[in-house]
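Given the sequences, and given the hints that come with them, work out the whole structure.
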Amino acid sequence: MIIKLISGALILFTAFMGIKHGWQGLTMKPGDTGSEADLFAKINLSPGASKVISVLSILSALLILAPQTFVVGNIINAAVILLLMILFLKAGEFKPALIEIPFLLIPLLLIFLKHPFAQHI
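Numbering (my numbering), first residue to last: 3 to 123.
One or more of the hints may lead you astray.
[To be verified] Distance ranges between label pairs, derived from CB positions:
1) Trp25 x Ile101: 16 to 22 Å
2) Ile4 x Lys31: 43 to 49 Å
3) Gly36 x Ile5: 34 to 40 Å
[Stated by the list, open to error] Derived pair list, reagent style BS3-like, types lysine-lysine, alpha-carbon separation capped at 30 Å:
4) Lys53 x Lys92
5) Lys6 x Lys31
6) Lys44 x Lys97
7) Lys44 x Lys22
8) Lys31 x Lys44
9) Lys31 x Lys92
10) Lys44 x Lys92
11) Lys6 x Lys116
12) Lys22 x Lys53
13) Lys31 x Lys53
14) Lys97 x Lys53
15) Lys22 x Lys92
16) Lys97 x Lys31
17) Lys97 x Lys22
18) Lys44 x Lys116
Note that these hints are calculated values from the structure, not bench results. Ideal Cβ placement from N, Cα and C applies to all residues, glycine included.
Structure follows, in structure tokens:
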């Protein structure tokens, strides 16, 4: 029972953060300032690439909510986070890459814990 509560809380947190960051990326205009805009500028991410990452972030957040697409959503989420970490390291930005490590572990933990509403055999 407690594992289902932890899994449910992590799912809600992941979905909220994915939609929040994805929406911020979609509504970001060239020349905007702010922490996310500054990070995308540091890694030389084009506006088109940032839109693709934002859409993938929102898509993975929505896929995580349904038990049938839970694993696929977590894999997409982990892949996007890993891509961002690689881009940060390539640009010499070590602190943002290190900050992403716990967020990379969350989708992997969620896959291990399974969706709380999934029918287990």
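Which hints from the list above does the structure break, by number from lowest to highest? Structure breaks hints 5 and 18.
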